[in-house]
Every structure is written in structure tokens, then in C-alpha cells.
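Protein chains: 2
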Amino acid sequence: MNLDNIRIVLVNTSHPGNIGGVARAMKNMGLSRLYLVEPRQFPDEQANWRAASAGDVLDGAVVTSTVEEAISDCQFVVGTSARERRIPWPLLDPRQCAQRMATASGQEQVAVLFGREDRGLTNDELKLCNLHLNVPTAESYSSLNLAMAVQIVCYELRMLEAQAQLPVSEDEQWDTPFATMDNMERFYTHLEQTLVDVEFLDPAAPRQLMSRLRRLYGRVRLDEMELNIMRGILTETQKWVSRGRKAGN
Amino acid sequence: MNLDNIRIVLVNTSHPGNIGGVARAMKNMGLSRLYLVEPRQFPDEQANWRAASAGDVLDGAVVTSTVEEAISDCQFVVGTSARERRIPWPLLDPRQCAQRMATASGQEQVAVLFGREDRGLTNDELKLCNLHLNVPTAESYSSLNLAMAVQIVCYELRMLEAQAQLPVSEDEQWDTPFATMDNMERFYTHLEQTLVDVEFLDPAAPRQLMSRLRRLYGRVRLDEMELNIMRGILTETQKWVSRGRKAGN
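One line per chain: the protein sequences are B and X, in this order.
By the count of numbering that gives the first Met the number 0, the first sequence reaches residue 248 at its end, each step adding exactly one.
By the count of numbering that gives the first Met the number 0, the second sequence reaches residue 248 at its end, each step adding exactly one.
Just chain B, same shape as in the assembly:
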């Protein structure tokens, strides 16, 4: 996978603010190659403002007068599309599509085409594409902002890039080792004794109390530092009980 081999192509964009938003979305996700096919207005102050710290992406943007020119050296081209089209074409969601693009980008030049704010890509433009991509939306309002659509596609590419380095679960990135079962058993013994001491637990009628507490602390998996905190609290509590008892209570 090579994000430098994936270009974003915006076709006939009306609002320069969207171009800026696209530039920022790309850079946030590690993409840098922007192509603009006949933008209505570019360069533009509004584009610069929305790009924030992605001005370099705007500066490097390639402006062309046709779609064909923007994709002429590409081996793999994806076109974004609404769901219903007269001519059926392979239509994937952004996740499936990102996988295809990522694979191709290892060796090939890849382009993703995004159409006009109001009308998307024409049928002729869509026919230039190997695949069509559709972002799932709510039926009640399916018209995505252009920069948002680019953000989603770039995000899916980023997720693929990141997955290689990501921890599989939240537990893997924990800073402190989780407690061993041995230490947990010592904790439960200490906890039970303390609950008896404070007379919250009646040994003659323990009911489900310890089961519930075991379930709770088993569910969370205490780390060693948390375990030490809990044991410290129990020890202090027991001291107060023995002071209270000495008082002849």
C-alpha cells in the first residue's frame, strides 16, 4: 500500500471552500495528491482558509481541463456515485473500495473521482471508472457534502494504513500489567474479610454478594496498581473497624 500513488480528483467543483476542506481532509489522512478538473474558482482565499495547515496540498494541486487528462497515467480508477444508476456497474462501499485501492496502490497509479456538488459525475465520466463507490447514507437525506465524502474515503485508506500498527484491543496498550489470578484471589479474600468486618456481609447469610463483586472486578480486569489501591483502601478500612471495636462498641 502506498498512499502517494493514490490521487483525489475533483471534477468541476463550484465552491472553493470545498476544495480547501478536501485538502485538509487528505493531509489529515496522509494523502497529498490533488487534481482539479476545471474548478470554478482556484486558487481562492476561501480554499486557503478551509485548508488550514494543508496549504501545501493546495499548492501542489494539478489543474486540468478534462477528466481524461487527470487520470491518463492511472491503472485503477474509482468513481463516486449515488446508488441508483441506469447502467449497473460494480458498486462497492468505501471500506471494500479502500481495500481494492490499497492493494492496487502498491504497484499502480490509483484515482478516485468526485463529482459536482449538485450533480455528481456524469454517466460518461462514470464509464471511465473500473469501479463505482457509494457512501451509505440515510434515505431521508443522501446528499453528502463533497469534502465529507472525500474525508470518508481517505479515512478508510488511513484505517488500512493504521491497522498494521494498531493494538488489537484496548487491553494491549495498557500501561500497567493486569493482575494475576493469584493476586486477584488474595484481593477477594481481603475484600470479603473487610466486608465481614464492617458488617456489610453476614457470613451466616452471604447471599450473592461476593459473586457479584467477583463478576464486577473480573469484568474490569484490575491492573496491578489498581489492585494495590484497592488493597490499601481495605487495609485502612480495617484499621478503623478495630479502632471502633476497641471503643467497646
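Fair warning: there could be bad hints in the mix.
Derived contacts from chain B toward chain X, CB cut-off under 10 Å, selection only [to be verified]:
1) Ala24
2) Ala53
3) Pro93
4) Glu138
5) Met158
6) Glu198
7) Ile232
8) Arg244
Just so you know, the hints here were simulated from the structure itself, not pulled from any lab data.
The beta carbon of each residue, even a glycine, is placed where N, CA and C say it ideally should be.
With chain B's structure known, arrange chain X on it following the hints.
Coordinates of chain X only, in the frame set by chain B:
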């Protein structure tokens, strides 16, 4: 999964245009419940313009003066966060996080907090959360636009809705409702006071103790019965402290 049980909470948003962009992103993905904690300017023309056909989401937005107010009836709260934080908290990517939210949303009220454009959420706000969410970004430019971050999270929820089949998790089959944030805050107050009473916590040098305990109980998500057990233990403990003190120590 019920998207109507998932609210987006924007904290101290500076630019009204972002609020509009968020409203549109939400509606495109099928979400409708927007909460605004002390927005700098709202309602606003720029917000309406960026919202396009999502004016109804803006009209229905609930404005509050504190984060606590916006989440008080929620059982599951997610906070968006940059990757590096001093106290590590369970940190998931948007995909993993959306699965957790989707599952919870079947029965519970769920909130996702998004912070200020320039500074995100404060550490205190992050500590109110059960989980933290981090959108993966390129190292060279990690500062996402606010509405883009909301778009990505809502998109992941939409993808799950589209996939129809949710992963089964242990939370789905839970027998007792999970505690609300209001009740959790009462518990933390009670816990802190008790730890001061038993002299385990020195109010003059509290260090990270309460943070660590909040992280622990936020991670596990106490159900209402467990919460009652914990409060009962604290109450009994406090009685012993006061007996001990009467004994003149």
C-alpha cells in the same frame, strides 16, 4: 442498535459553521440528536448555511451550560481524544467504538463528546467518559476539522446500520440496567469522601487517586445493583470511622 439513542455533544464550539457541518453530517448518516454545550454563537446564519437540508437537526439542538447536564441521563459516554494523554484510558478507533456504541444504543442513552476546535476536551471532561475515541491521522497533520471528526464517527455508525448484523457482546445480555452518569457522579463523591474519612486519600495531596478510580469504574460500567452494593459498603465504612473517632482515636 438505535441511532435515536445516540447523541452528539459539541463542547464550546467556536465556529458556527462547524455546528452546521455537524448537523448535515449527522442527518446524512441518520442521526438527529445534537447537544451544544456553551456554543460561542448559536443560532447563526453560517450554521444554517452549512447545515443545508439539515435545518431540523439544528432546530432540535439542545443547548446546555455544562457537559454534565448534556450527559446526565446517559449510561455510556465516549470522548474524542488525541492519542497522547497522561493517564491512559481505554482508547478505541472509530470502528471499534461505533460497535460499542451501537450495542449500547439498543437499551441505553449514548453520548459522544467532541471538544473545542483548538484544544479538544479538557482532562476533566475526558474523565467523565467510559471510553476514549481517537481518529487515526497522519503524523504530519493530526488536527481534524470538528465536523469531519463527527462525520467519520457517524459514518461508522451508518456502516453498522447498513450491515444490519451487530456483533454480540456481553453488555447486550446484561440483566440489570447500567448506572446513569448522575448516579455515577454521586458514587464518586461518596467514594472520595469515604477515602478521605479513612485517611487513605489526603485532600492536600490527592495525586491521581480519584482519576485512577474513575478510570476503573468507568471502564467496567457499574450496573445499578453493583452501584447500590458499592454505596452500601461506603456507608458502612463511614459508620466505623465515626465510631473510631468517638473513641478518641
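**Message:** Going through the numbered hints above, which ones does this structure break? Give me the numbers in ascending order.
**Reply:** none
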